[in-house]
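*Asks:* Given these sequences and hints, build the entire structure.
Below are the chains, spelled out letter by letter.
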Amino acid sequence: MENQSKDINNKLTIVLHSGDYDKIYSALIIGNGALSMGMEASIYFTFWGLNRLIKGKLEKGPLSKMNFLGLGRIMIKRRMKKANVASLETLISDFKELGGKILACDMTIEIMGIEKESLREDLIDEYCAVGAFIRESRESRSTLFI
Amino acid sequence: MATYKLDVQGETCPVPLVEFRKLVKRAESGDIIEIVGTHEASKKEIPMAIEALSLELLELKEENGIWKIKVKI
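First to last, the protein sequences are chains A and B.
For what it's worth, our numbering labels the leading residue of the first sequence as 7, then goes sequentially.
For what it's worth, our numbering labels the leading residue of the second sequence as 30, then goes sequentially.
The set of hints was computed from the structure by calculation and includes no laboratory data.
Among the hints, a few may not be true.
Said to hold, decoys possible - Facing chain B, according to a computed beta carbon distance under 8 Å, are these residues of chain A, among others: (1) 39; (2) 41; (3) 42; (4) 43; (5) 76; (6) 77; (7) 92; (8) 93; (9) 94; (10) 100; (11) 103.
What the hints assert, rightly or not - In silico SDA-like links for lysine to any residue, alpha-carbon gap of 25 Å or less: (12) B/99 / A/107; (13) A/71 / A/123; (14) B/99 / A/103; (15) B/72 / A/43.
Predicted model only: the values in this text are computed from it and were never measured.
Each residue gets a CB set at the ideal place from its N, CA and C atoms; glycine is no exception.
*Replies:* This is how it looks when you write it as structure tokens:
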């Protein structure tokens with residue numbers, strides 16, 4: 007049943023500027039939480055965040071703290087596996103299944119020299135710029151910058 | 030009217046909530062969903078989602094750390 011919401015402006019927008027492993031988790035968990043509670047959700051991938059939409063890169067970000075050249079990340083990954091935490095792949099596919107929107111920043115694609123073919127275009131709903139982000143944000147009850 | 034069963038024992042945040050929501054999307058009005066799980070916070074959060082989605086909580090019980098939630102769509 008598509009019971010979305012009781013009221014209007016029931017939307018959450020997240021700017022995902024960071025490409026850090028742990029911060030992608032925050033963005034996707036919050037996004038999925040919003041969708042699960044009957045809100046709409048959009049995530050605007052920009053700068054380092056957009057790198058994670060390159061094929062094969064979603065799970066490859068460093069930790070934002072205590073990365074220790076990747077050792078900290080390996081340790082955290084091991085602990086997460088033990089605690090049975092869902093993978094980022096699972097979370098992003100759930101996000102899409104629940105109707106979440108993924109926006110990709112055009113300017114980042116240009117300045118980082120990313121080929122569109124190297125991006126996971128199946129996940130991306132729209133390539134856009136700040137105007138589209140503001141459109142999403144003004145329709146939203148809250149906007150987060152991660 | 031169909032009855033769906035969802036077993037999320039051993040799953041942690043946000044899986045129980047997300048799996049519940051995915052099932053709500055597939056179900057039709059009048060259907061029943063029975064969820065069983067062990068994640069402590071989800072026992073509170075799933076009823077919060079039920080309220081936010083204007084669904085009907087029929088039953089919530091817990092025994093030996095395993096909770097069961099029954100909801101009408």
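*Asks:* Next, verify each hint and record whether it holds.
*Replies:* Do the hints match the structure? See the list:
1. 39: holds (6 Å)
2. 41: holds (6 Å)
3. 42: holds (4 Å)
4. 43: holds (5 Å)
5. 76: violated (24 Å)
6. 77: Since chain B brings no Cβ nearer than about 24 Å to residue 77 of chain A, farther than 8 Å, the hint is violated.
7. 92: Residue 92 of chain A check passes; min Cβ-Cβ to chain B is 5 Å, inside 8 Å.
8. 93: violated (11 Å)
9. 94: Violated. Min distance 12 Å.
10. 100: Interface hint status for residue 100 of chain A: holds (5 Å vs cutoff 8 Å).
11. 103: Hint holds; residue 103 of chain A Cβ to chain B Cβ min 6 Å, cut 8 Å.
12. B/99 / A/107: Status violated; Cα separation ~30 Å.
13. A/71 / A/123: It is violated: about 31 Å lies between the C-alpha atoms, which goes past 25 Å.
14. B/99 / A/103: holds (23 Å)
15. B/72 / A/43: This hinted pair holds, its Cα atoms lying about 14 Å apart.
Hints 5, 6, 8, 9, 12, 13 from the list above are not met by this structure, while the remaining hints are.
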